[in-house]
Amino acid sequence: MPAGEPVLSVRGLSACFRTDLGVVTAVDDVSFDLSAGETLAIVGESGCGKTVTSKSIMRLLPERNSFLSDQSRIIYHNRPRRRAAAKDRLPPGEIELAHADAPTMHHVRGARIAMIFQEPMTSLNPVFTIGWQLDEALKYHTDLSRRGRRRRAVEMLRLVEIANPEQRIHEYPHQLSGGMRQRVMIALALCCEPDVLIADEPTTALDVTIQAQILDLMAGLKARLGTAIMFITHNLGVVAQFADRVLVMYAGRVIESGPVRDIFHRPQHPYTRALLDSIPRAGNRHRGRPLATIEGIVPSLLNLPGGCKFADRCPRRRENCVEREPALEPGPDGRPVRCYYPHHEPRVAEPGGRT
Amino acid sequence: MLTGLKRAWESRAARKFRRNRMAVAALAVIALYLAVGLWVLSVDGLKALGDSTGWWNVRSAPLVDALSTEQAGAVVGPLEEPGFGIKPRPEERLTAVKARLDDLGKAFRLRARGGEDREARIRAALAEINYGAVRVADRPVEELRAQWEAVKRQYDTIAESPNLDRDPAALPALRDLEAATAALFTEPGGVRGFLQDFRLSLGTDRQGRSIMVKAVYSIKVAIQIGLVVAIVATLLGALLGAAGAFFGGWVDYFVVWLYSTLSSLPDLVLLGVLVFMFTGSVFDDVNRPYLSLVPLYVAMCLTFWIGPCRIIRGEVLKIKELEYVQAATAIGFSRLYVLIRHALPNTLHLMFINFSLLFIAAIKNEVVLSFLGLGVKSGTSWGLMIQESTQQVINGFYWQIGAATAFMFVLVLAFNILSDALQDAFDPKHVG
Ligand SMILES: Nc1ncnc2c1ncn2[C@@H]1O[C@H](COP(=O)(O)OP(=O)(O)OP(=O)(O)O)[C@@H](O)[C@H]1O
Ligand code: SF4
Ligand SMILES: [Mg+2]
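Taken in sequence, the protein lines are chains L and D. Just so we're on the same page, my numbering is the position in the first sequence counted from 1, plus 17. Just so we're on the same page, my numbering is the position in the second sequence counted from 1, plus 1.
Among these hints, one or two may not hold up.
Straight-line C-alpha distance at most 27 Å; calculated BS3-like pairs for lysine-lysine [what the hints assert, rightly or not]:
hint: 1; chain 1: L; residue 1: 104; chain 2: L; residue 2: 72
hint: 2; chain 1: L; residue 1: 72; chain 2: D; residue 2: 153
hint: 3; chain 1: D; residue 1: 7; chain 2: D; residue 2: 17
hint: 4; chain 1: D; residue 1: 321; chain 2: L; residue 2: 72
hint: 5; chain 1: L; residue 1: 104; chain 2: L; residue 2: 156
hint: 6; chain 1: D; residue 1: 107; chain 2: D; residue 2: 48
hint: 7; chain 1: L; residue 1: 156; chain 2: D; residue 2: 321
hint: 8; chain 1: L; residue 1: 239; chain 2: L; residue 2: 104
hint: 9; chain 1: D; residue 1: 99; chain 2: D; residue 2: 153
Don't read these hints as lab results, they were simulated from the structure.
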């Protein structure tokens, strides 16, 4: 698939939960495109709706107490592409997922859009060998023979740089370390050659050296397989190094988006800027001074303020900010931003990162 | 498959289990019981097949035939004889002699009615006297009769003696009498003799049936009921509980409502009512003994699924929040598949433990129901044996109730030890 064409277009996605205190909108009118081979990072404070966004796309939200609004559109662009013996049961063209039926989702999940989770310790079923679990996914989504599936499972484990894949295939999850389990999870997610990989904080539960290894692995795989990655993280250092584009979320809304360099060099939204200033960095700029933090807390979804959701914490707030919520519109440098008084000047600091 | 077994054998839980000596002994006992149960079952099967096809006759192989439904109902000796060959009180020894002499007397009395073939009729009656393998000695009728009369006179003189206990001459005389009585019969030798000793080893019941054979035969009944009920009830409970927990909503409401309602009734009442519903149906037909256990199965399965259901429901509620269940859904599998293939296997240890608990519960409840007259209707069982022995206990005859209780006790104890050990072995919180 040519790079640059969107594989996934999300339009006006709103996800709501029915709670005892009323309906809360955890994700409100989120739109973005994900192109083939691109890495999109979604950043934002805890509770801002990153996980809900990714689970909405996979349609993994609990059906009992949640729903997507009628206007929500999640369009998967199914373009013909050569896959290793995939059972192609989806019609070519645009497939709408937000209100798709269960069979469509069974064919999309895992085969076209795959997901890896935060907690590698509990993401694999403890009673089956990893070979069994890989085989199960391949059996479901591909026409490969028994032998072919086995070869592919070994190949996938080798791809995620697990030593001795022929032996490891017979091992149970508890025999593997956390880092290895996350590698297996990646192998499991990629074994059916999906177009999109959603990674929800895939390295948060791992220690720093393993994190770096897993990230390098994912970057390498992305380059090799051309999978679009939707990457959810708290770690802006990782974003700077790994992502192509960034989506900044606050209180369930997209507040700014753009290429990674622009976000780091010329953040327009006060929240993005505050977020970047709160990254600890090597070097002497911060020596002797406390790290910048964002005062205040995220507003509760149950009683969101009427105007700008960031108003309580914003240093640039003016009178009219609290009256009406700003729309997501092109800002000073042309990128969309949800703010009445966005920053014009570039940020002085270098992009943060693991240095 | 083989590597899987090897892995299981080398797993931490298995190693821990093997280190527990009591548990291994309990497992051996259970294996023995299972083997006996299977043996009885297959002998019955072989016999039925042999009878209908004529390919073989199991009865001609006494060792094979020793334990079967037929043997459990066969008369093997005088009524209510104590076991271990013990005849503790002289009165009882005298009673035993009298029982044998009376049996012979009944046959000889046929002669008084006269007729052409009286000789033959007496012969037939004598041949029918059958204490297991012990038969009336094969001698001419007249000779036997004379001998019998002599022994009877000998008996009468001793029976007249007012106090057998204190008379020093009485005991040797009694021994002589017993020897003389034995001479009227032919004791079998070899395998048949050994089997006869085995049959009399725990005495006989009120109809002269072997208590030993009955108790051993009842193992089959107990294991049949235990296995069927434990397997069906555990699976039923697990499926309902898991489905309720996994799908939630009205499925869960229904499951919880069902087990709350059922468990508000006392188990025994529910069992009694359910069994009672079958009275008079095909399952209550003496001509279809193979159906007679069905009411017990149904009643117990409908009652016992509640325990496993509760436990498995709780566990699945926990498991379904774990990420591997979400991950499996993210691979694309349907919810039903994820439930059966991913959630349920993770409750297997709980199913094992519930299985062993239900196995015991089923055996114990069979006894209670049989005692109340609602249980096993054909053949015998520990419950029926205990029920029969109520009158015997009043007379001071404890062999039947003792045997039934001991056999049941060993099995129940072994299963309790086993399920304790299994719980320990599988519990990840117990280190070691
Ligand atoms: N099952 C649910 N029921 C009700 N509200 C929910 C549910 N799941 C999420 N939410 C709400 O949605 C909001 C967004 O949650 P989400 O998990 O997407 O945050 P996040 O950005 O992923 O945070 P984190 O960085 O901590 O993972 C939360 O504030 C929470 O209140
Ligand atoms: S709209 Fe006003 S309050 Fe909101 S972020 Fe912009 S400046 Fe701050
Ligand atoms: Mg999250």
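Okay, the hints, checked on the actual structure:
1. L:104 / L:72: holds, 24 Å
2. L:72 / D:153: violated, 97 Å
3. D:7 / D:17: Distance of about 15 Å is within 27 Å: holds.
4. D:321 / L:72: holds, 16 Å
5. L:104 / L:156: With a Cα-Cα distance of about 10 Å, the restraint between residue 104 (chain L) and residue 156 (chain L) holds, given a limit of 27 Å.
6. D:107 / D:48: violated, 33 Å
7. L:156 / D:321: holds, 23 Å
8. L:239 / L:104: Holds, at roughly 23 Å.
9. D:99 / D:153: holds, 9 Å
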